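Protein sequence lines, in the order shown, are assigned to chains A and B. Note that the working numbering has the first sequence beginning at 1, numbered continuously upward. Note that the working numbering has the second sequence beginning at 475, numbered continuously upward.
These are calculated hints, taken from the structure and not from any lab test. Note that the coordinates shown come from a computational prediction; the quantities given were computed from them, not determined experimentally. One should not assume that every hint holds.
Said to hold, decoys possible - Okay, the calculated bits of chain A under chain B, using three or more residues with CB under 8 Å as the criterion:
(1) 41–48
(2) 324–336
(3) 355–369
(4) 433–444
(5) 448–454
(6) 463–472
Claimed, not checked - List of simulated lysine-lysine pairs, BS3-like, C-alpha gap at most 27 Å:
(7) K383/A with K563/B
(8) K383/A with K538/B
(9) K161/A with K414/A
(10) K451/A with K659/B
(11) K148/A with K197/A
(12) K197/A with K75/A
(13) K531/B with K395/A
(14) K598/B with K395/A
(15) K659/B with K395/A
(16) K30/A with K659/B
(17) K414/A with K538/B
(18) K468/A with K538/B
(19) K161/A with K28/A
Said to hold, decoys possible - A few chain A residues that face chain B, going by a derived Cβ cut-off under 7 Å, partial list only:
(20) A13
(21) A14
(22) E35
(23) L175
(24) A410
(25) P416
(26) Y419
(27) E459
Glycine included, every Cβ here is placed at the ideal spot set by N, Cα and C.
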Amino acid sequence: MSGSTTRNFKSNAARELANDTLRAALTKSKGHFTEGRSTAAENLPEFEALRDQSRDIKNHTIEHLDFYLEAYEEKVRESGGHVHWARTAEDARQIVLEICRSVDAKAVNKGKSMISEECEINEMLEANGIRAVETDLGEYIIQLRGEKPSHIIAPAVHLTKGQVEESFRANHTHLDPDRVLEEPPTLLDEARTILRKKYFEAEVGMTGANLLIAETGSSVIVTNEGNGDLSQLIPKVHIVLASVEKIVPTLEDAATILRVLARSATGQEFSSYTTLSTGPKREGDTDGPEQYHVILLDNGRTDMIGTEFQEMLRCIRCGACMNHCPVYQSVGGHAYGWVYPGPMGSVLSPGLLGVDEAGHLPNASTFCGRCEEVCPVRIPLPKMMRNWREQEFEKHLSPGAARAGLGLWAFMAKRPKLYQLVTGVQMRLLARLGRAQGRVSSLPLARGWTKYRELPAPEGRTFQSRWKSGERPL
Amino acid sequence: MSEAPRVALFVTCLVDLFRPSVGFAAVKLMQDAGCTVEVPEAQTCCGQPAYNSGDRKDTIAIAKQVIAAFEGYDHVVAPSGSCAGMIMKHYPELLADDPDWASRATDLAGRTHELVSFLTDVLKVENVAAAFEGTVTYHDSCSGLRELGIHGQPRQLLDGVEGLHLRELEDANVCCGFGGTFCVKYPDISNRMVSNKTEQIVATGAETLLAGDMGCLMNMAGKLQREGANVRVRHVAEVLAGMTDTPAIGEPSDGSASS
Numbered sequence: 001m002s003g004s005t006t007r008n009f010k011s012n013a014a015r016e017l018a019n020d021t022l023r024a025a026l027t028k029s030k031g032h033f034t035e036g037r038s039t040a041a042e043n044l045p046e047f048e049a050l051r052d053q054s055r056d057i058k059n060h061t062i063e064h065l066d067f068y069l070e071a072y073e074e075k076v077r078e079s080g081g082h083v084h085w086a087r088t089a090e091d092a093r094q095i096v097l098e099i100c101r102s103v104d105a106k107a108v109n110k111g112k113s114m115i116s117e118e119c120e121i122n123e124m125l126e127a128n129g130i131r132a133v134e135t136d137l138g139e140y141i142i143q144l145r146g147e148k149p150s151h152i153i154a155p156a157v158h159l160t161k162g163q164v165e166e167s168f169r170a171n172h173t174h175l176d177p178d179r180v181l182e183e184p185p186t187l188l189d190e191a192r193t194i195l196r197k198k199y200f201e202a203e204v205g206m207t208g209a210n211l212l213i214a215e216t217g218s219s220v221i222v223t224n225e226g227n228g229d230l231s232q233l234i235p236k237v238h239i240v241l242a243s244v245e246k247i248v249p250t251l252e253d254a255a256t257i258l259r260v261l262a263r264s265a266t267g268q269e270f271s272s273y274t275t276l277s278t279g280p281k282r283e284g285d286t287d288g289p290e291q292y293h294v295i296l297l298d299n300g301r302t303d304m305i306g307t308e309f310q311e312m313l314r315c316i317r318c319g320a321c322m323n324h325c326p327v328y329q330s331v332g333g334h335a336y337g338w339v340y341p342g343p344m345g346s347v348l349s350p351g352l353l354g355v356d357e358a359g360h361l362p363n364a365s366t367f368c369g370r371c372e373e374v375c376p377v378r379i380p381l382p383k384m385m386r387n388w389r390e391q392e393f394e395k396h397l398s399p400g401a402a403r404a405g406l407g408l409w410a411f412m413a414k415r416p417k418l419y420q421l422v423t424g425v426q427m428r429l430l431a432r433l434g435r436a437q438g439r440v441s442s443l444p445l446a447r448g449w450t451k452y453r454e455l456p457a458p459e460g461r462t463f464q465s466r467w468k469s470g471e472r473p474l
Numbered sequence: 475m476s477e478a479p480r481v482a483l484f485v486t487c488l489v490d491l492f493r494p495s496v497g498f499a500a501v502k503l504m505q506d507a508g509c510t511v512e513v514p515e516a517q518t519c520c521g522q523p524a525y526n527s528g529d530r531k532d533t534i535a536i537a538k539q540v541i542a543a544f545e546g547y548d549h550v551v552a553p554s555g556s557c558a559g560m561i562m563k564h565y566p567e568l569l570a571d572d573p574d575w576a577s578r579a580t581d582l583a584g585r586t587h588e589l590v591s592f593l594t595d596v597l598k599v600e601n602v603a604a605a606f607e608g609t610v611t612y613h614d615s616c617s618g619l620r621e622l623g624i625h626g627q628p629r630q631l632l633d634g635v636e637g638l639h640l641r642e643l644e645d646a647n648v649c650c651g652f653g654g655t656f657c658v659k660y661p662d663i664s665n666r667m668v669s670n671k672t673e674q675i676v677a678t679g680a681e682t683l684l685a686g687d688m689g690c691l692m693n694m695a696g697k698l699q700r701e702g703a704n705v706r707v708r709h710v711a712e713v714l715a716g717m718t719d720t721p722a723i724g725e726p727s728d729g730s731a732s733s
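Given the sequences, and given the hints that come with them, work out the whole structure.
Below you can see the structure in the form of C-alpha cells.
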C-alpha cells in the first residue's frame, strides 16, 4: 500500500520523540480526553451496560454482515440512492472519480473521513484536476500544512495553536496581516469564513459515515462543527464513503452506539451534530443533493471475519484507545506511519497492510491494558496484538538476535536445575560488578536498558539458593 | 482456620535473581498471618517473556511445568501482579483446548493470588505489625491493577504501617514503560514513558516509591538513579513486612543515597 511508513516505526518514533512542540501539544490534549471520558462514564449509570449492548450489537451484525449489507442496499435504492461495492481502495477511487466526472466536478467538499484517508481520495482527486476541500477544522489545518491526520477524531491534535496561527497567516494572505489570531475561537472563525464560500463552489460533497443503518438505509455522521451537514447538503451530489463494518441493524441500535461514542471519544454526552441522511432530495424537499451515492469499502476487512481478529471489526472509531495509550501519547500518531494510529491501528493495520509491513505496531505495546479498559465495544486489543506477535513469530519475521536470545532463555527456563545453576553464577557476577554503587551504569548485553537507566545490581545469591541453604526470614 | 493453610511461594524470576529480600518479606508476611510457606524447587519463570514475544509453544511448555510444580498446595502466591495475572488469567486461556491440561490450569488459576491481595482478601489481614518512618508514594502496576483489580489492598495495609504517610501519585494508573521486553525493544519510547513517571514521582515530594512488581520497580529505580533523584525505591512487601534494613533497590550496601 502506498504511503505507509510503518516499517520505519522505530525511526519515526525517535523523530517524534525529539519534537518538543509535539510533546507540548499532546500534553495539553491528554487530560482533556481522559478526564472527559471518565467524567462522562461516571455520570451515566448505564454506561457499562451500554458498552455490553454495543459490543453485542456489533458482534451480531458482523456475524450476519452479508444479510444486513444487502438489506441496507435495498433500502438505499428504495430511497433513490445508489450503492457501489468497492473491494479495494483502488475500486473506491475509481468509483469516486467516475461520479465526479459524470457531473464535471471541479471541486469536492469533504467532511472528515478516515476511509477517505485510507483510500487516498484527495491525492487521486488532485491528480485528476479536481480540488479537494477539507471542511473539518482539523482536516483543513493539516491540508494547508500538507500533513496527514495524527489522530482518527482529532486530526490536528499534534499541533499547537501557534503552529495553526502560523499556517493561517501563511495561507490566508488576502486577510489583514495585523489581525489578532491568538485563541482557538478566532482561528475557528477565520476558517469558517473562508470555508463558507467554498461550500457553494463544489459540485460534489463527500462524507464518511459513523454508522450505516440497515433498517432505514441511512448513513449517520457525528460532527462538532456542522461542516459535514453543509458538505453533504449543498452540492448536487453527495457521496458517502464508508467501510462495510459500519453497518448496524436498526435505528435503535444506532442510538445505543451513539450513546457510548461521544462519551468515549471526547467526553461529550452527544456530539454537537448527529446527522442522518437517507437518499437524495425528495420532491417537495427544500434542499439536499440531487444524487446520493454510497460506496461500501471492504479493502481486506471481510478477510478478518472468522479469524482471531474478527472482534476488531467492532471498532466504532472513537479514539479512546489512543487517548489513553501511553505509547501513542509519547510518540503521537504520525510515528505509526499509516492511517490508523494507536492501539486500534496496531491491530487493524497489520490486518489491512499485512503483518510483514506493519509488524512493529503490535510489538510497540507494554500490554498495559488501558486501551481495552476504555474501549466502548470492549475489543481485547492487547490480546490481538499478541496474536499478531504469534503470527510474526511463526512466520520467522521477528528479528534473529531477539529470537536467539529468547530461544536460549526458554531452553533454560524449561530446565529448572540448569537455570538455577547458571542464573546463580550470573547474579553473583553481576552483584560483584555493582557492589560499590548498588547498580550498573553500562552493561554490554543490556544496552537497551542502560542507555537510559541504571541497572539495579542483584543483592547477591538468588532467593532459591538462599532458601535451599536454609535461610528463613527472622 | 483450623489448620495452617499450606502456601507455595511463586517467587518470580526477578525477585529470585535480583531482590531475594522481597521473597523473604513475602514469606514473613504469610507466616505472620498463619500460613505454612513452601518454595517448590522446579520454578523458574511464569513464561511471559515467551508469551509476549509470540512464542506460544515455549510458553505452553513453561506453563505446564509451573502447573505441575505447584499442584497440591492450598494456595500459590506471587509477589507480583504481573506473574500472578499470567497464571490466573492466561494459563487457562493457553491450555483451554488441551483436554489433559485445561482443568489443571483452571485449578491452579483458582488457587493463585498476588501477595498483597492474598493477605487482605483471602487471609483477611487488616493490619500488619510494621513501622516505616517517612512519606511514600505508590505506583499501581498495570497487570495487578487491570487484570486483577488490585488498587485498594496495598493502600489499606500501608495505612496501618506506623509512621508511614502515603502521598498519591498523579497518573498512578499509567504504565511506567517497563513492559518486559518492550523496554529493550523500544528503549526510546520506554524512556519517555519512564521519564514522565519519574517526573511525577519527584513531584510528590515522597522519599520512597513503592509498587508491587519488580520489573516496574527496577525500571523506575534505574531511571530515578540515572537522573540523580533522591527517591528510594522498594517493593511494597518489604515495607509491610518491616524488612527495610536492606539497601533500597539499586542502592549500595552502605546505604548512602545516590545523589
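Hint by hint, here is what the structure shows:
As drawn, the region 41–48 of chain A meets chain B at 0 residues by the rule of a beta-carbon pair under 8 Å; below three, the given contact is violated. Three residues within the 8 Å Cβ limit are the bar, and the region 324–336 of chain A against chain B gives 4, so the coverage statement holds. With 7 residues having a Cβ less than 8 Å from any Cβ of chain B, the region 355–369 of chain A passes the three-residue criterion, so the hint holds. Residue count for the region 433–444 of chain A with a Cβ under 8 Å from a Cβ of chain B: 6. That meets the three needed, and the coverage hint holds.
Chain B is given as covering the region 448–454 of chain A, and this holds because 6 residues of the stretch bring a CB closer than 8 Å to a CB of that chain, at least three being needed. A count of 7 residues in the region 463–472 of chain A with a Cβ less than 8 Å from any Cβ of chain B is obtained; the coverage claim is therefore met, three being the minimum. For the given pair, K383/A sits about 12 Å from K563/B by alpha-carbon distance, which is consistent with the 27 Å threshold. Between K383/A and K538/B, the direct Cα distance comes to roughly 21 Å. Compliance with the 27 Å bound is thereby established for this hinted pair.
For the hint pairing K161/A with K414/A, the CA-to-CA distance comes to about 56 Å; that exceeds 27 Å, so the pair is violated. With a CA separation close to 12 Å, the supplied pair K451/A and K659/B stays within the 27 Å bound. For a cut-off of 27 Å, the pair hint linking K148/A to K197/A stands: about 24 Å separates their Cα positions. This hinted pair does not check out: K197/A and K75/A have alpha carbons roughly 34 Å apart, beyond 27 Å.
For a cut-off of 27 Å, the pair hint linking K531/B to K395/A stands: about 14 Å separates their Cα positions. Taking the CA atoms of K598/B and K395/A, the gap is near 48 Å; set against the 27 Å cutoff, the hint is violated. Of the supplied pair hints, the one linking K659/B and K395/A holds, its CA atoms being roughly 19 Å apart against a limit of 27 Å. Between K30/A and K659/B the CA atoms are separated by roughly 25 Å; this keeps the pair inside 27 Å, and the hint holds.
Under the criterion of a C-alpha separation no larger than 27 Å, the hint pairing K414/A with K538/B is consistent with the structure, at around 10 Å. Taking the CA atoms of K468/A and K538/B, the gap is near 23 Å; set against the 27 Å cutoff, the hint holds. Between K161/A and K28/A the alpha-carbon distance is near 11 Å, which keeps this suggested pair within the 27 Å criterion. Restraint check, A13/A versus chain B: the minimum CB separation of about 6 Å is within 7 Å; hint holds.
At a threshold of 7 Å, the smallest CB-CB gap from A14/A to chain B is about 5 Å, leaving the interface hint in force. Annotation: E35/A was flagged as interfacial toward chain B, and the flag is violated, the nearest CB pair being 11 Å apart, outside 7 Å. Taking 7 Å as the C-beta contact cut-off toward chain B, the hint placing L175/A at the interface is violated, the least distance being around 39 Å. The interface hint given for A410/A is met, as the beta carbon of that residue sits about 4 Å from the closest beta carbon of chain B, less than 7 Å.
Evaluation of the P416/A hint against chain B yields a held restraint, the C-beta minimum of about 5 Å falling below 7 Å. The interface hint given for Y419/A is met, as the beta carbon of that residue sits about 5 Å from the closest beta carbon of chain B, less than 7 Å. Interface hint status for E459/A: upheld, as the beta-carbon distance to the closest one in chain B is roughly 6 Å, under 7 Å.
Hints 1, 9, 12, 14, 22, 23 from the earlier list are contradicted by this structure; the remaining hints agree with it.
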